[in-house]
Amino acid sequence: MNQQSTSREERIIEKAKSQFPDYVKETKIDGNKRVTITFNKDHLQEIATWIRDDLGLDHLKGIACVDYPTHKKLEVLYLAGSFSKSEIQDIIVTLKTELPRDAATISSVVSIWESAHFHEREAFEMFGIKFEGHPDLRKLLTLDNWDGPPPMLKDIRFPEMGQR
Amino acid sequence: MTTEPSTPIVDKAKESTMDVSVGPQHPGSGHVRLLMRVDGDYIVSIDPDIGYVHRGCEKIAEYRNYVSNIPHLERPCIIDAIHLNWAYVLPVETLQGVNVPPRGRYISTIAAEMNRIMSHLYWLAINAGVFSGHTTIFMWAFGDRDLFIELMEWLTGARLTYSFLPPGGPRRDIPSGFEEKLTKLLNYFEKRLIEYDRVFFKNPLVVARAKGIGVLKKGDAIRLGTTGPVLRGSGVEYDVRKVEPYGAYADLDFQIPTFKEGDAYARFLVRFEEMKQSISIIRQAIGKMPKGPIARKAPLVAPEGEAIGRVESSRGEIAVMVIGDNSDKPYRVKIMNGSFRNLIALPYLIRNVHVADMPIIYGSLDYWPVEADR
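So the protein lines, in turn, are chains A and B. All residue numbers for the first sequence refer to the numbering used here, where the first residue is 1 and numbers rise by one. All residue numbers for the second sequence refer to the numbering used here, where the first residue is 1001 and numbers rise by one.
The set of hints was computed from the structure by calculation and includes no laboratory data. Nothing here was measured: the structure is a model prediction, and the numbers come from that model. Glycine included, every Cβ here is placed at the ideal spot set by N, Cα and C. Keep in mind that a hint or two might mislead.
To be verified - Each computed EDC-like pair below joins lysine to aspartate or glutamate, with the alpha-carbon atoms no more than 20 Å apart:
| no. | chain 1 | residue 1 | chain 2 | residue 2 |
| --- | --- | --- | --- | --- |
| 1 | B | 1218 | A | 87 |
| 2 | A | 139 | B | 1190 |
| 3 | A | 28 | A | 14 |
| 4 | A | 25 | A | 46 |
| 5 | B | 1329 | A | 160 |
Said to hold, decoys possible - Among the chain B residues that face chain A by a calculated CB cut under 8 Å, a handful are:
| no. | residue |
| --- | --- |
| 6 | 1054 |
| 7 | 1225 |
| 8 | 1231 |
| 9 | 1241 |
| 10 | 1243 |
| 11 | 1321 |
| 12 | 1323 |
| 13 | 1328 |
| 14 | 1344 |
Please take these sequences and the hints and turn them into a complete structure.
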């Protein structure tokens, strides 16, 4: 069982590497059915379309952003999974890319995975990432009168919450 | 699958339309505002305005150590606290390389399934019962839920917010006499489910109001990335307990109830059938429970790296990503929960329907605003 599942994950990575030899920067398999593919952000649309159509990863579980102020970068992670293909239901493929912190712009994947709609709105609000091509990029969670910086960035602190 | 151009959620205002704000007063499950654009008695489109109960859980988590994070990370959905707690602890345990002993996994599983029944009873009382104007089931379900709450209090020490599963295993072993009490309660509850079926699920009024309303087709449920009973009500057999068994689920035999209709009534029935499955799971777990230690010591720090853990909560899959940085606090915690993922089904389903159908569709999704807002 274990050996078989390892080979499934390796096959995904091999396919990704042969399909996009120039864009895929790094790949990783985490012990427990997790595949991470790091790639160049300009090719998000192509990789996402291929992953949806060829691999059958039909939905996004979420979009996670991580702020690394010391490296002046923002990482965006797209967690994709599959409902329709039962043989890969247990695998989560993470598409990972990085953006410069001062010009965080990336194309939207709403046209590929409609499930990304609210996830992108959240990332836009919390990290200030602009998703080009999103049909309705508005604030989602913060108050209407909140005009401060994106609150989830690491250098934004809330001393009243005990953050120093 | 075809690539359809994605449409904006809100339709353009016309002369004949009027905007009506529903909420943000408590609609029974937390504060949320639905901005409805109505044309006569028809809802043209809705714009869910969420965030009234946003607490910045993910931000707070970066400033608390791994164990102190548990109480506040389970608060977003207090009626389903075990699952939120478990979803956070699984990736932390993966990072730390801690394995929970078998007995601990069984106790966690029993607690989680009791919590699932309690959460579904809350849904049955408020989101199905009150929203469809059925006050009897509201009283019944809340009364029976309290019996489970009392047993959970005996097991964990708290009625709702348990903080029962720190990394390494549950906090307490099962108290003596607990199994007998629980078995007795399950026998009683199984009989009550027959009554529920007669009074609520087979009730012609409920059937008339929920059947054929808010149909989410299988392809759309997949495309929109919905999860939990919403997804299974549309005929997709997907349950994390089967797909990626955690706890003791690999040893237990249970079915995934699915209905292919995809309407509000199908989602009602999924939750009803899931309560029956939970009864069977708890009974098996009591019978198979091994002896031995319940928990292992877990370190206070987690090494560098990222881990994703997931559980099947009452509202669907919760995936939590934890990034560690060799300290006692996580660098980043990202929570992807069922309510936030099912949110997109709200504007999709509440479109071109009667105003009176809105509460039923909203209730059938079991959307929990606090969980979505985090």
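Hints, verified against the model:
no.: 1; hint: B:1218 x A:87; in the structure: holds (18 Å)
no.: 2; hint: A:139 x B:1190; in the structure: violated (46 Å)
no.: 3; hint: A:28 x A:14; in the structure: holds (11 Å)
no.: 4; hint: A:25 x A:46; in the structure: holds (15 Å)
no.: 5; hint: B:1329 x A:160; in the structure: holds (19 Å)
no.: 6; hint: 1054; in the structure: holds (4 Å)
no.: 7; hint: 1225; in the structure: holds (3 Å)
no.: 8; hint: 1231; in the structure: holds (7 Å)
no.: 9; hint: 1241; in the structure: violated (12 Å)
no.: 10; hint: 1243; in the structure: holds (5 Å)
no.: 11; hint: 1321; in the structure: holds (5 Å)
no.: 12; hint: 1323; in the structure: holds (6 Å)
no.: 13; hint: 1328; in the structure: violated (15 Å)
no.: 14; hint: 1344; in the structure: holds (6 Å)
In summary, the structure is inconsistent with hints 2, 9, 13 from the numbered list given earlier, while agreeing with the others.
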